[in-house]
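Peer 1: So the protein lines, in turn, are chains A and B.
Each residue of the first sequence is one higher than the last, beginning at 1 in our numbering.
Each residue of the second sequence is one higher than the last, beginning at 1001 in our numbering.
Worth flagging that the hints you see were computed from the coordinates, not collected in a lab.
Heads up, some of the hints might be wrong.
[Unchecked claim] Computed list of lysine-lysine pairs in BS3-like fashion (alpha-carbon distance at most 27 angstroms, straight line):
1) A:K303 <-> B:K1304
2) A:K158 <-> B:K1357
3) B:K1303 <-> A:K303
4) B:K1158 <-> B:K1183
5) B:K1158 <-> A:K357
6) B:K1158 <-> B:K1049
7) B:K1304 <-> A:K304
8) B:K1303 <-> A:K304
Number of protein chains: 2
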Amino acid sequence: MSETNGAPAEQPQSLPERPKGEEEGEKGPSKNALKKAAKDKEKAEKAAKRKAAEEAQKKESEANDVSAEDYGELPMIGSKAYTAPSVPTTWVELAEIAQRYSSQSETEGVGAQIVFRAAVENARNQSAKLSFLVFRQGADSIQAVVAASEKLSRQMVKFAGSIPAESIVDVHAEVQRPREPVKSTSIQHLEVHVQKLYIVSKAEAQLPLQVADAERPIPEEGKEDQQEDEGRPIVGLATRLNNRVIDLRARHNDAIFEIKAGVVQLFQEFLFARNFRLVQTPKLLGAPSEGGASVFEVSYFDKKAYLAQSPQLYKQMLIAARKERVMEVGTIFRAENSNTARHLTEFIGLDLEMAFKEDYHEVVTLLEELMLHIFNGLRTRYSKETDLVRSIYHVEDFKLPAAGAVPRLSFAEGIRMLKDDGVEIGEFDDLSTPDEKRLGALVLKKYGSDFYVLDQYPLAIRPFYTMPSAATQAAYDAKDPNAGYSNSYDFFMRGQEIMSGAQRIHDAAFLERRMKEHVAPVDPQSEGLRDYVNAFRYGCPPHAGGGIGLERIVMLWLGLPNVRLASLFPRDPGRLMP
Amino acid sequence: MSETNGAPAEQPQSLPERPKGEEEGEKGPSKNALKKAAKDKEKAEKAAKRKAAEEAQKKESEANDVSAEDYGELPMIGSKAYTAPSVPTTWVELAEIAQRYSSQSETEGVGAQIVFRAAVENARNQSAKLSFLVFRQGADSIQAVVAASEKLSRQMVKFAGSIPAESIVDVHAEVQRPREPVKSTSIQHLEVHVQKLYIVSKAEAQLPLQVADAERPIPEEGKEDQQEDEGRPIVGLATRLNNRVIDLRARHNDAIFEIKAGVVQLFQEFLFARNFRLVQTPKLLGAPSEGGASVFEVSYFDKKAYLAQSPQLYKQMLIAARKERVMEVGTIFRAENSNTARHLTEFIGLDLEMAFKEDYHEVVTLLEELMLHIFNGLRTRYSKETDLVRSIYHVEDFKLPAAGAVPRLSFAEGIRMLKDDGVEIGEFDDLSTPDEKRLGALVLKKYGSDFYVLDQYPLAIRPFYTMPSAATQAAYDAKDPNAGYSNSYDFFMRGQEIMSGAQRIHDAAFLERRMKEHVAPVDPQSEGLRDYVNAFRYGCPPHAGGGIGLERIVMLWLGLPNVRLASLFPRDPGRLMP
Chain A
1 MSETNGAPAE QPQSLPERPK GEEEGEKGPS KNALKKAAKD KEKAEKAAKR
51 KAAEEAQKKE SEANDVSAED YGELPMIGSK AYTAPSVPTT WVELAEIAQR
101 YSSQSETEGV GAQIVFRAAV ENARNQSAKL SFLVFRQGAD SIQAVVAASE
151 KLSRQMVKFA GSIPAESIVD VHAEVQRPRE PVKSTSIQHL EVHVQKLYIV
201 SKAEAQLPLQ VADAERPIPE EGKEDQQEDE GRPIVGLATR LNNRVIDLRA
251 RHNDAIFEIK AGVVQLFQEF LFARNFRLVQ TPKLLGAPSE GGASVFEVSY
301 FDKKAYLAQS PQLYKQMLIA ARKERVMEVG TIFRAENSNT ARHLTEFIGL
351 DLEMAFKEDY HEVVTLLEEL MLHIFNGLRT RYSKETDLVR SIYHVEDFKL
401 PAAGAVPRLS FAEGIRMLKD DGVEIGEFDD LSTPDEKRLG ALVLKKYGSD
451 FYVLDQYPLA IRPFYTMPSA ATQAAYDAKD PNAGYSNSYD FFMRGQEIMS
501 GAQRIHDAAF LERRMKEHVA PVDPQSEGLR DYVNAFRYGC PPHAGGGIGL
551 ERIVMLWLGL PNVRLASLFP RDPGRLMP
Chain B
1001 MSETNGAPAE QPQSLPERPK GEEEGEKGPS KNALKKAAKD KEKAEKAAKR
1051 KAAEEAQKKE SEANDVSAED YGELPMIGSK AYTAPSVPTT WVELAEIAQR
1101 YSSQSETEGV GAQIVFRAAV ENARNQSAKL SFLVFRQGAD SIQAVVAASE
1151 KLSRQMVKFA GSIPAESIVD VHAEVQRPRE PVKSTSIQHL EVHVQKLYIV
1201 SKAEAQLPLQ VADAERPIPE EGKEDQQEDE GRPIVGLATR LNNRVIDLRA
1251 RHNDAIFEIK AGVVQLFQEF LFARNFRLVQ TPKLLGAPSE GGASVFEVSY
1301 FDKKAYLAQS PQLYKQMLIA ARKERVMEVG TIFRAENSNT ARHLTEFIGL
1351 DLEMAFKEDY HEVVTLLEEL MLHIFNGLRT RYSKETDLVR SIYHVEDFKL
1401 PAAGAVPRLS FAEGIRMLKD DGVEIGEFDD LSTPDEKRLG ALVLKKYGSD
1451 FYVLDQYPLA IRPFYTMPSA ATQAAYDAKD PNAGYSNSYD FFMRGQEIMS
1501 GAQRIHDAAF LERRMKEHVA PVDPQSEGLR DYVNAFRYGC PPHAGGGIGL
1551 ERIVMLWLGL PNVRLASLFP RDPGRLMP
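Pulled out of the complex, with its shape left as it was, chain A reads as follows (with noise of 0.2 angstroms):
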């Protein structure tokens, strides 16, 4: 496999092939064998005589060649330049070359020389004399013509007609202006006429998925066996997640995941100009410490470790090492066996987690604020791919409040509005999924948004470390210690839950009594809770924080049926490959 210079066409291609068979056993052959033995022989001469016979005519058809140093597949790139017949030295973006041939004129642009690498999105011989190739680069595609000529064979034609769809290739080619505007690529206004074709990378022939079919949205909800829609085949989410390498080139599950990426740095963003500080708290755990029905056990040498279900007990120690406030993004872990279009069994928690001075609402505005920050972030720099990926399952847009008031409702409000819609529920009963989506609805229809906050939460319902409410904390003595409201809060969007927070108890004494009044008792001295307990012990000021789901938010943002589609390998209870 030499990479020095010479046409690539004409390198014998000893890479590609296959490793040789496993060798024969000892035993001496039986007489099966032996006849076998003999047609196989005779079966390889025959193909040694036809390969023959083809080598030595594509040496002549090479021979009259005028492009034989144009195409064809070349080597492995690697540690040399690879040399083409000319060295390519400025390598172009589709994009740039329609951006800077945009103009109306007819002549702008055309004959310019370009060369670029791109996938093959499809290629096909129209004649013997001409080939069509859409070339891609991410979102952009751009129309090539391959053209029989003096100076560019029919061979060559016919080689890039036939080049397998997903290919990667580099081409050298001039800029032309289309009579007519392209409907099927992306670059409308300008097409490019091939000159050299050099295959980098051969996709296979046969693939598992098709881009196009990728590019439709999965199948709805209870119409999963459907196999078609206006003749074209739909494609479920199970296979487009077995061949997600090739799922994802889909351009709006590519925009997906540039979303992902700007909400990760938008609430970095936020927060780092807010003083807080990235931080990294253990994934792997001595003991499960908050429940341990979800919990994933792990063998851990000759011990037992515990996958950490979020950063919620570090980063409240974090708070008690002084360091004021902390952000997190990193991996969280439930070993909930559900397999709804909600649930992930490994996600990104985006965490943080403040000391505040005298109320804990400074906290809440500061995260409505993130959220508002987060919000505005994509509407503004992120509205290409929302548009994209909206279009696709047809969702509405994100209802945003107006100028900064976010709906805070207390959960008492929220209560009562769902009662005065017909919803039988107690006064301090949890919400349930269909409850949360109608509260949606009718805080959408009151205040106009899609984002709302529902503050005070009924204390039984929140977990150990959540303080109670100041009315709670007043009467706590006198009273059912599970009764009354609490200073914890979940923010909405489109009626569905993305961020759970609280204060948290930063009293060691009063930490434990509520660890054995909950309604869901735990040992405050177990092995997985004393580090944390005694962490309130050595002074720690009031705090709170909360954690968001990533992939729950791009899901809710763009309106997407299944959070799977926001996880670039999804895992499930029943899904833990590719």
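Please build the complex by placing chain B on the supplied structure of chain A, with the hints as guidance.
Peer 2: Okay, now just chain B, sitting in the frame of chain A:
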């Protein structure tokens, strides 16, 4: 626990009470038990009398206490503004004050009224009329004077001087200039005269670790048993890590994690600006993919899962999915039973992978620039933190190459340098840790840089997915498939590896061949590798990348003696807590 208006010190402190003990059993009491009960009763009566007397005295004392409303323990701060007698409106930071009144003038700032929250570094009663405290916020500390006067009672002086170290307090005070600069605090030209002082969170009197002890270096290697140095106790690493919440309050520990967050930020900002996309690859895998020896096994419902040892295979699959340039900041799990100063079982990987056009050195160059961006960023933005940590561990400055000329040596040249220096080593031998350190010293001597790159490692000592070098490829069919060099590289800091990377094989057929012909062969059709190999059947550009150990960079930049110091809650074969 009311948070209504009123003097906090006068409110009953209902909450810090311990919960009541377990109820008595059902059996009738024994004679001994009756005796004990009688004794207990007597004791209880005495205690009640004592308590009553104390309370009477306290009441009288409070009645005579002009400062009664100006000090005490606050109730737990929660959802309403707690109301100290005069509501503080503006909270200040000590650093702010130090800077605001930084002139040489003896009167500037004198008499300014400020309110702040801080930790008590220490407190002592100098006399019945005078107490001194040191208040601390992060790295900033200031001296405080509590002096009895007509307006400030002796009771308050006593209270102030008795506050346990590490308690969190709210302070209302007047700024003053001390006669002499204060030597024991970071702010030396100012002090505060306390007017009101409330405990927000009281630390226990006996701490398991003193912050002052945590502020000295860990014992040197081989001196772990040393008990003290110059009359001060030396606290070992284990004690510190067992009490990490206190340990992390040490100024240099805080600086370490400020720098660690800085490295992540520098990594991301450099790569975002170069169109890398931040991605998250799965940490739960269906099968061990990169060799089963050092992988943690997870119980995954009724199946087994495995924790990812690196995002290697997934980031390559994303290149095959046409993502062109990806980066990840994520957790890495390594089940290596190594109890060295350099190994963790859980750490943070800074990973990247990118497609290149003609030569994998395009990637090496970008990686060099990335590292220089990080080093220069640390030097300019984190010089204070860097100097602080290095002053504790007496470490020399990190020498960067002149004007961006990173020494990039071939592996063969590295071997030559070692041989010339008297090391016995074969041409294709892997470098031992001592060899690496020796080579680092030689490179430093020759090129004046603590940072350098070793390129073109022997093929045999790199993973199966590593692309052979051009010469090795050219001769591949004719020779031992594990002879020769590869397009791979390691990056070094102070003679220790921080990043390993390579060009990867992007051709499925050749990849399968290398998997089988590697010195440690793997099965391309195994469950954990099948999807990975298939990813290269659908057209994939040439690509290369690398992975950086975040904790290792921090350790080597600062010259820390143990990588655990660069992990908030480090994990090793013997440690899963806290």
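Peer 1: Next, verify each hint and record whether it holds.
Peer 2: Here is how each hint holds up against the structure:
In summary, the hint linking K303 (chain A) to K1304 (chain B) is supported, as the alpha carbons are separated by about 17 angstroms, within the 27 angstroms threshold. With a C-alpha separation of about 26 angstroms, the suggested pair K158 (chain A) and K1357 (chain B) falls inside the 27 angstroms cut-off, and the hint holds. As the CA atoms of K1303 (chain B) and K303 (chain A) are separated by approximately 19 angstroms, the hinted pair is consistent with the 27 angstroms bound. Between K1158 (chain B) and K1183 (chain B) the alpha-carbon distance is near 24 angstroms, which keeps this suggested pair within the 27 angstroms criterion.
With a C-alpha separation of about 26 angstroms, the suggested pair K1158 (chain B) and K357 (chain A) falls inside the 27 angstroms cut-off, and the hint holds. Proposed proximity of K1158 (chain B) and K1049 (chain B) is supported: the alpha carbons are some 25 angstroms apart, at most 27 angstroms. A hinted pair counts as satisfied when its Cα atoms are at most 27 angstroms apart, and K1304 (chain B) with K304 (chain A) qualifies at roughly 15 angstroms. Proximity of K1303 (chain B) to K304 (chain A) is assessed by CA-CA distance (about 17 angstroms); at most 27 angstroms being required, the pair is judged to hold.
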